[in-house]
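Number of protein chains: 2
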Amino acid sequence: MSAIRIGIVGYGNLGRGVEKSIRQNPDMELVAVFTRRDPGAVQASVPVVSLQEVESYTDKVDVMILCGGSATDLPEQGPELARLFHTVDSFDTHARIPEYFEAVNGAAQASGHVSVISTGWDPGLFSLNRLLFEAVLPQGAEYTFWGRGVSQGHSDAIRRVEGVKNGVQYTIPSEEAVAAVRSGDQPQLSTRDKHLRECFVVAEEGADKARIEAEIKNMPNYFSDYETIVNFISEEELKTNHSAMPHGGYVLRSGVTGEGTTQLMEFSLKLGSNPEFTASVLVAYARAAHKLAARGEAGARTVFDIPFGLLSPKSPEQLRKEML
Amino acid sequence: MSAIRIGIVGYGNLGRGVEKSIRQNPDMELVAVFTRRDPGAVQASVPVVSLQEVESYTDKVDVMILCGGSATDLPEQGPELARLFHTVDSFDTHARIPEYFEAVNGAAQASGHVSVISTGWDPGLFSLNRLLFEAVLPQGAEYTFWGRGVSQGHSDAIRRVEGVKNGVQYTIPSEEAVAAVRSGDQPQLSTRDKHLRECFVVAEEGADKARIEAEIKNMPNYFSDYETIVNFISEEELKTNHSAMPHGGYVLRSGVTGEGTTQLMEFSLKLGSNPEFTASVLVAYARAAHKLAARGEAGARTVFDIPFGLLSPKSPEQLRKEML
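Same order as they appear, the protein sequences are chains A and B.
Numbered continuously in my numbering, the first sequence closes out at residue 324.
Numbered continuously in my numbering, the second sequence closes out at residue 1324.
Don't read these hints as lab results, they were simulated from the structure.
It cannot be assumed that every hint is accurate.
Unchecked claim - EDC-like mimics (lysine to aspartate or glutamate), calculated; alpha carbons at most 20 Å apart, straight line:
(1) Lys1321(B) to Glu142(A)
(2) Lys1020(B) to Glu259(A)
(3) Lys60(A) to Asp27(A)
(4) Lys321(A) to Glu1099(B)
(5) Lys1314(B) to Glu99(A)
(6) Lys1217(B) to Glu1227(B)
(7) Lys209(A) to Glu198(A)
(8) Lys314(A) to Asp27(A)
(9) Lys314(A) to Glu1099(B)
(10) Lys314(A) to Asp1305(B)
(11) Lys20(A) to Glu1259(B)
(12) Lys1239(B) to Glu259(A)
Every value quoted in this text rests on a predicted model; they were computed, and no experiment measured them.
Starting from the given sequences, assemble the full structure and let the hints guide the process.
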């Protein structure tokens, strides 16, 4: 069987993660990276091609993995590229998913392509577990915790404070809150009960650190409602210890069956690199998109529509024998 | 929409668990319990019918949930009932799943029924996670831990020791082994490294407890390779504290992406009642079987073939809006 030919659109952290993931999957082959930048200025392990020329690749790429951002790239590229290719993306603006689904579905159905939207880990694997847990334990309470991981929005907020040269913010699940859920109780927990915020701040020479700390801790919306820890460190330390992009989190459901029997379901991720992991999920769903297309299916799909068997390179017989 | 009409075949712990689970799912309705015993001797919340009369229910039951054992009941009942009904079962003899699949698939395809086999949590939800984890992190190692939960086979072995009146054995995951995996290492662990065994034993009046303890701890295959703890308790204490059927476990995968980035995925269950939880999984898959049948599908299916969206009573639109 020939390898599944993959194209990458957008070559940031996520696109580079897909490039690395393809190397771990011998049934796949990376054909080209497509970029809106000057292709000559981008270095990759495969040819880098201007996005304007993507149409000449319809016979050369089986599945296109879209690695652009959800704010402006995907709303435009998703439907456009679904007209030309089978696609997979990680559109993650939860509130706009229904409208994005409709736009991509229209394009994919009209052109006979399969487009898997909004995959990754949240939306994606976390969503799958929320659905599964609720279906199995309809009587219960669900809890999602995020972290320990960098929040880009909160890191930006720190960097806007006067006297701050650089900074990174970690969202951290509260161990107490996780333990309370795991105990089988069904505690009422707000987002702020569930998480704390830890900041690593590089102050400008001579800046008033006490004022910076107070300003961060009292910042409405971002920090004032949370337990916030502020650490001052050097620019060098920030580069050395806080350049990685770890993330993760927990989905828990505490439910009850029969006459008050407690049942607990939990899914968790502890990721050394958020973009590399998200990329690995996209690559597995690219395999599924390829198999769905081979069945003659067309239209937009989410993780909820795709059986896990299609994610694996193994045949249904092999899966039943080895993995059930 | 009218409720999905469910029948239960076999009314042991699992069958009673299904009866309770149906009460938590307003889109379902329990029609009858079918038994090989004298129906007059069985009490349930719905009519109890002799299994010999099951054929007269083909118009009254949408999905039959088979709650018999895997050793002798299901190999016979699975294919037989797949000729008459859409079915769901928890066939759990891992090594014989391929052959069981073929038998049920033949009957279900010939008669135009959908039969979901081997669901529950292992095989079932654990299998799904093993597959997902391997597809997302092809480079890595997988670990399944079982417990804390009662092992029927080991409990039986204890009760065969001379001077033992009654006894229960719990399989317990080694906290050290779980911690070693969670650390991101990929330790080599045998089953015995991963689990300990704790026994609660009621000795007969005047029996030599030291001899009993030694005999249990040195029993080949069952205990001699494990760290085994033996506690002597009263019959009363056994009834009070060890009649529940808790179970659970962990599926973990420690993987690597890119240039040595550690990624950890984990799924775990902590179950107050193993049969009630397994029953709840069967009921969710009964809903999926009903939806697959409504699409005109026929044949045997495993959890690997069924998209999670079909497990939920919610519509695809609602799922995309609320749960993605």
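Going through the hints against the structure:
Pair hint lysine 1321(B) plus glutamate 142(A) holds up; C-alpha atoms about 17 Å apart against a cutoff of 20 Å. Annotation: proposed proximity of lysine 1020(B) to glutamate 259(A) holds, straight-line Cα distance about 8 Å (limit 20 Å). Between the alpha carbons of lysine 60(A) and aspartate 27(A) the distance comes to roughly 16 Å, so the proposed pair stays at or under 20 Å and holds. In summary, the hint linking lysine 321(A) to glutamate 1099(B) is supported, as the alpha carbons are separated by about 10 Å, within the 20 Å threshold.
Proposed proximity of lysine 1314(B) and glutamate 99(A) is supported: the alpha carbons are some 18 Å apart, at most 20 Å. At most 20 Å may separate the alpha-carbon atoms for a hinted pair to count; lysine 1217(B) and glutamate 1227(B) meet this at roughly 8 Å. With a CA separation close to 16 Å, the supplied pair lysine 209(A) and glutamate 198(A) stays within the 20 Å bound. With a CA separation close to 10 Å, the supplied pair lysine 314(A) and aspartate 27(A) stays within the 20 Å bound.
Between lysine 314(A) and glutamate 1099(B), the direct Cα distance comes to roughly 18 Å. Compliance with the 20 Å bound is thereby established for this hinted pair. Distance hint between lysine 314(A) and aspartate 1305(B) is fulfilled; the C-alpha atoms sit about 13 Å from each other, no more than 20 Å. Distance restraint check for lysine 20(A) and glutamate 1259(B): the Cα-Cα separation of roughly 8 Å lies within the 20 Å cut-off, and the hinted pair is therefore satisfied. The suggested pairing of lysine 1239(B) with glutamate 259(A) holds, with an alpha-carbon distance near 18 Å, which does not exceed 20 Å.
When held up to the earlier numbered hints, the structure conflicts with none and fits them all.
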